[in-house]
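J.: Sequence:
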Amino acid sequence: MNNRIHQRPQTSATVRLELRQAIGRWQSGSPAEARTVLAGILARDPRQVDALHLSGILALQAGRLNKAYDLLIRALRVWPDFAAARADIGLVLFNLDRLDEAAIHLNKALLLQPDMAAGLVNLGMVEHRRAGAAVALSYYRRAIALQPLMAEAHNNLAMALLDLSQASEAVSAATEAVRLEPKLAEAYQTLGKARDHLGDFDGAVVAHRQAIALQPQSAKLHADLSNTLLSYGYLKETADELRLALRLDRRNGEWHQQLSHLVKHLTRDDDIVAMETLMAEPGLPDSERMQLSFGLGKALDDIGETGAAFAHFVVGNGLRRQNLSYDPAQTAAQFADVMESFDAAAFERHQHSGFADSTPIFVLGMPRSGTTLVEQVLASHHDISGAGELSLLSTLVGQLNQQPGALQFSQLVPRLDGASLRQLGQGYVRDLRAYGPTTAHVTDKMPGNFLLIGMIKLALPRARIVHVRRDPVDTCLSIYKNLFANSGLRYAYDLAEIGQYYQHYAQLMEHWRSVLPGFVYEVGYEALVGDQEGETRRLFDWLGLDWDPASLNFQDNARPVHTASNVQVRQPLYSSSIGQVGKYGEAVGPLLQALGLDQG
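Quick note on numbering: the sequence shown equals residues 1318 to 1917 in the numbering used here.
It is worth saying that the hints were derived from the structure and are not from the lab.
Wrong hints could be hidden among the right ones.
[As the list claims (entries may be wrong)] FRET-style restraints, in silico, Cβ to Cβ: (1) E1665 - E1839: 22 to 28 Å; (2) V1523 - R1638: 36 to 42 Å; (3) G1621 - E1903: 17 to 23 Å; (4) P1397 - V1523: 32 to 38 Å; (5) S1485 - D1586: 39 to 45 Å; (6) V1332 - E1554: 42 to 48 Å; (7) A1379 - G1621: 43 to 49 Å.
[Unchecked claim] Listed next, the in silico DSSO-like pairs over lysine-lysine satisfying Cα-Cα at most 30 Å (straight line): (8) K1425 - K1384; (9) K1553 - K1581; (10) K1581 - K1537; (11) K1537 - K1553; (12) K1581 - K1384; (13) K1500 - K1537; (14) K1537 - K1384; (15) K1553 - K1384.
Source: prediction; values computed, not measured.
Using N, Cα and C, we set each Cβ at its ideal position, and we do this for glycine too.
From just these sequences and the hints, can you work out the full model?
T.: The following block contains the structure:
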């Protein structure tokens, strides 16, 4: 029996002709004329489903999201089984960040029409943001299997691969998107990002400039080029591109914030005035206010207005925190699960397991503890390539999870065997080698890998781990003063929650010292600043490497750096970031209390 009980409404020959005219005018670059034709149809018949649908698409492309939603919902009221309209509603809701509703409409659309490649791409975009890139991959690949010539699907696949630190595969997918649609600016944009992550600066800049040539008035494309320039240390050129982007879109708080962190403010300059002026404008969205708050906090901190600076940090963090779902109890349970699962007995059971390859050097620790600096020092050695922050390990470990939901090591570790651990290690090294095909070692500087030290020991027993420690208060304050692109740092926007997280981290590192003595090398940030050569020599000795004086001039290394410390590592070591707590007085009380420190 056919479950579809809603028949498609009939369309007269006259309306079909008018619809073809509207589509022709739209495709020839005259959307206003197309809207006029469609308005005429709807004036005669407000329920004409195809005119409602096409009008909704035009409103979506014009950025009128609420109007698009209204038109497409009206189309569905006329014909509930209109799969294409449901898929387009899903895209509208995605752009409105109403992800759960978007997924409902897109799944209904695909039930009605399982071979709709565009619906699969849209659902992939929703799940990419909602559940992560690994989930999105399958939707993009299914869309490509249905429509191999669909450039958008290849481009979205490239973006997901890039998020999974599979930069080589991302370059291939983006290159295919460009081949299929040479005028798709977004494909060149993705290609530029992927080449950037592989260390191909010239190729990245060429791709970004090709995107800009196709859409010269796109402020976003100029901002993306600025990110590549910043990654390679071209600070003046980065500022130039950001200012160009802001001339095209002066209300973008993110770019104001990025520019503020790029320069050292000496006076209440034009950049500060521009941010304060924008902040005072009525109707400014909270998302822009949040970005501006972090930018103004940094700028005013530069010029010594610490009270006003911290007040802005409080506003920015508060706006960010209110949109995040974070449960400290869940974090405590996560750390407890790791410590209980990786005990001495677990390592004894698997002492001969894993893939015995010495390529990886993991640099880890709390964010803002100096991990970027230490990786930059290491990557200046002739035998080491720096890959930056990679999600490779967490992705591969996550693929071992057989249970839905969050990974629980208490469930995973008892199931591990020699074959799975060797496969995990081999897969990791294979993907890591893309970032350093010829050097003896490649660094992975994902700070949060401290949660995975147990898995590293089991799967990669010859890997080296460098743990970077910094003063707890300085570390936590630096976290609070920065807005992170990584949405996983949900604890980072409340002083007490940052302090609590730090305590869990410190307890876990003590656990690793106990069950894996000698496996992790400790570098103190303050010690490195105080005795750069001595600490660097001791680090190289532990790694079994000869001395390379280039490591003392790490700031001259032109390798890409994609973290919040990308400006600092282009400068020689400095000590001004040590001992920051005294500047802010009682405002940091919740942090000190969470860290168990004396507030007197």
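J.: Please go over all the hints and tell whether each is borne out by the structure.
T.: Results for each hint:
In this structure the hint that E1665 and E1839 lie 22 to 28 Å apart at CB holds, the actual value being about 24 Å. At about 40 Å, the CB distance of V1523 to R1638 agrees with the hint of 36 to 42 Å. The supplied range of 17 to 23 Å is met by G1621 and E1903, whose beta-carbon atoms lie about 19 Å from each other. Roughly 48 Å separates the CB atoms of P1397 and V1523, a value that falls outside the hinted 32 to 38 Å.
In this structure the supplied range 39 to 45 Å holds for S1485 paired with D1586, their Cβ-Cβ distance being about 42 Å. Between V1332 and E1554 the C-beta distance comes to about 54 Å, which lies outside the given range of 42 to 48 Å. At roughly 46 Å, the beta carbons of A1379 and G1621 sit within the given window of 43 to 49 Å. Restraint check for K1425 and K1384: the C-alpha separation of about 22 Å stays at or below 30 Å, so the hint holds.
Taken as a hint, the K1553 and K1581 pair is honoured in the structure, with Cα atoms around 12 Å apart against an allowance of 30 Å. Only pairs whose Cα atoms come within 30 Å are accepted, and K1581 paired with K1537 is accepted, the gap being roughly 24 Å. About 18 Å separates the Cα atoms of K1537 and K1553, which keeps this hinted pair within 30 Å; it holds. Annotation: proposed proximity of K1581 to K1384 is violated, straight-line Cα distance about 44 Å (limit 30 Å).
Note on K1500 and K1537: the hinted pairing holds, with a Cα-Cα distance of about 17 Å set against a maximum of 30 Å. The straight-line distance between the Cα atoms of K1537 and K1384 is roughly 24 Å, inside the 30 Å bound, and the hint therefore holds. Among the hinted pairs, K1553 with K1384 is inconsistent with the structure: their alpha-carbon atoms are about 42 Å apart, more than 30 Å.
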